[in-house]
Each structure stands twice: as structure tokens, then as C-alpha cells.
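*Asks:* Chain by chain, the residues:
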Amino acid sequence: MKVPKLSRGQRALLNCAPFNQERSTDRAMRSTVARAAGSVELAGQQNFDRAVAELVRLIPVPPETAEWFLEEDLAVGSKLTWKKMVRNPAVVAISIAVVVIAGVFVFQLLGRLNDFPGSATARKLLTVAGSTRPVMLDPVSTEAGTLSDLFFMKHGLEHYDVPEEFADFRTIGCRVFDDEESRRVAQIWLAEKRMQLFLFPAERDAKTGAVLRFPGWRYIHQEGWAGAVTEHNGVCFMAAIRGGEKELAAYLPNKQ
Amino acid sequence: MLGDSSKAQEVFHTTLREATLRAAQGQLPKEPFWLFRDARWRCLQATQAELQPEPLKLEEHDLAPQAASQIERLDSSQLAIWISSAPEPQRTALALFYLNEFDYGEILDLAELKLAELSRFLAQGRRQLQAWLNAKFPESRTV
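Sequence order for the protein chains is L and S.
The first sequence begins at 0 in numbering that gives the first Met the number 0 and counts up by one.
The second sequence begins at 0 in numbering that gives the first Met the number 0 and counts up by one.
Hints were generated in silico from the structure; no laboratory data involved.
A couple of the hints might just be wrong.
Taking lysine to any residue pairs in the SDA-like style, the calculated list, with each CA pair at most 20 Å apart, reads [stated by the list, open to error]:
1) L:83 / S:24
2) L:192 / L:153
3) S:113 / L:28
4) S:6 / L:66
5) L:4 / S:24
6) S:113 / L:8
To give an idea of the interface, some chain L residues facing chain S are shown, with a C-beta separation under 10 Å as derived from the structure [to be verified]:
7) 6
8) 7
9) 10
10) 15
11) 36
12) 43
13) 46
14) 49
15) 51
16) 52
17) 57
18) 58
19) 99
20) 171
21) 175
All values derive from a computational prediction rather than experimental measurement.
Beta carbons: idealized from backbone N, C-alpha and C, even for Gly.
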């Protein structure tokens, strides 16, 4: 079969006709090839081109040329220095984030290191101490140590004893109230440096009910207040004062 | 295109270096194949300074039915030499067409040719190659 009559442009296209089906072409080329499909000339041209292309594919790449692409530095750029890396905004942002996360982690870790059974309740009571006004307490002017009998006689609270370190201080007032978990808390206001004393049930093991004891005095801090806490006979005692540990340390000669 | 690996390597590295610099400055052209075109122009510039072969009128034959079997008998490096000895821009047209990596539109763009020119170079190339094959394997003509 001969090639049908084609225009000059179509003849030109036919000379550039693809020799395999995979290569995509435009509409003009497709229509020209379709018109000439089945002709001896086009078949001969495509067979010729295919054979040449097959041989071209076998042309060996010189070893020295192949080596160009094996080199790691095809185009050598400027080296990444420490200074450049540090100035990179992404590196700066990540560094700041890591420092903040590390800071929070260390802060929480240090906070946990000072934790002891009942520390959560003690912190809440420091907040109570900060918000308490003298009018909220029943006026009582006596030695703090004598209020143990009052708590037992009037409220049925056993072992709500003020330690001997604070037993001799004069009181301004006292009260007994229930905290958020309905535990009975005794609060005493001292004339001495407007110190406040708290007595509350010690924390217990959830399974066995046994009192979770801890030895000596433990310090806690909350909202500008400091507290020194100790446990005795299943009742925790806390002396709270506005300020830091130094103010309380003077009253606790044997702090452990 | 150059027939000299050291010159080719120089062109290769210069082209890549230039492309890297332009990329770093955000000045890469949006048109496709600019890198190939750039490399081709560098090759042409490199060859311009050299001695040029005398223009030679090659014999041309119609494509033979047994052309494919003749080509099969040809050594690939012989074909490479034959294509590389073609004059520009026919050399570029033949090389790009038979590399089978670009369609005709892309070749026109890359080699900066018109359709009629590309068509002529390819048709002429086929006929010249056939004549060379006939000269190289004369017995095949009678098969």
C-alpha cells in the first residue's frame, strides 16, 4: 500500500514520525501517522528507525563519562558551617522548643522530687491560708497546744495535736472545716508573724487503708507561701507562713 | 557532540555549575529543556574554535527492505562515530531523535529547528546512512 496523498506539512511530520507506540505525540502527528498507517514507506521508515534506535541504545558510555555521575559532588556547593546552621530559623526554632520542653521537664521533675504523701492537700491548704481573713475564724486567745482538746471535745477529731515546736504560741482564732474531699481540716491563726497552722488527715493507701507515713518535716511552696509539714498518728500538721523556707526554718531546729 | 571527553566534562561541569548558581539565585528559566539547550550551545561554542571538517556531499540511497538486518550487523560504536561526524545541526537532530527520549516537538524546541528542517535532516540522515550501509555490506543488497 502506498502513502496516500499528503500535504507538504504532513510529509514533514511523517519524516519525524515516532517509531514506537509508547511515545505520545500531538494531534497533527497522530492524524498524519493514521493516514499513512499500513503504507510500505512508513513501515520501512519505522523499521529502519527502530533498528537504529536499538543500536544507539547499545552505544557504550565511556567509563570516564560514567564516572561524572558517580561523583558525589556533581556541582560543589558552599559547605554548611556551624555558624550557618545555628542561624537557620528552623534550627533556632527547634532549639528553643527543646530548651523549653527540657525546662518544663526539669521543673516538673524537681517538683516531684519534693513530693510526699499529702503534699497535694498541703498545697491546696497553702492557697486557703493566702485567702483566709481573721474574721472567718472563731476568736480564740490561748496557747496553740491546748486546742487539741477543743478539736477532740467539740469536733471529735482525734490526734489533731499541735507539735511542741508550735504549742506555746498564742492563737488569734481557729476553725474546723471540710475540704473539697470532705476531710476535716483544723485551721489555727497565730499571733506570731501571722502564721497559720493546719491539721488534716494523712494520706492513706487506697487498697490497704494504711497511713502513708513520711519522716521529719517537708517543705512546700505555693503562691508566695511556704509550709512545713510533718505527720504524726495519721494526722498531718502544717505550719504556713508568707515567705520562704528561711522564715519557717527558725521554728524547726531539727528539720530532716 | 565534542569527540573529546575532557572538553565534554568541562562543558558538563560548567553547565551544572551555572544551573546551580541560577537555582540558588532563584533565576531558573521556566521553559523546559533550557538545561539541554544550554549544554548544547556550550558544546557548539567549544567546537567552533576547532578546525572544521570540509563540507562533504554524502551519497544517498533509498531505504532498503533489508536495512534493519544491515543495521544489526553494524557495531554500535561505528554508528556513534557516524552520527557524531554529521554536520550541525543534523548531528543534534539525529542524536536526539534516535535517543528516543524526546518527541518531535521537544526536539524542535531543544535544537531550535523548524519542522521542515528537522524533517529534512532526518530524511537525509536515513538516506545517507542507508548509502553507508550499502557500501559497508554490499552483499546485503542482493538478499
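*Asks:* Hint by hint, say whether it matches the structure.
*Replies:* Here is what the structure says about each hint:
no., hint, verdict
1, L:83 / S:24, "18 Å, holds"
2, L:192 / L:153, "27 Å, violated"
3, S:113 / L:28, "15 Å, holds"
4, S:6 / L:66, "15 Å, holds"
5, L:4 / S:24, "53 Å, violated"
6, S:113 / L:8, "11 Å, holds"
7, 6, "12 Å, violated"
8, 7, "8 Å, holds"
9, 10, "7 Å, holds"
10, 15, "4 Å, holds"
11, 36, "17 Å, violated"
12, 43, "5 Å, holds"
13, 46, "5 Å, holds"
14, 49, "7 Å, holds"
15, 51, "5 Å, holds"
16, 52, "5 Å, holds"
17, 57, "4 Å, holds"
18, 58, "5 Å, holds"
19, 99, "34 Å, violated"
20, 171, "76 Å, violated"
21, 175, "76 Å, violated"
This entry does not satisfy hints 2, 5, 7, 11, 19, 20, 21, going by the numbered hints stated previously.
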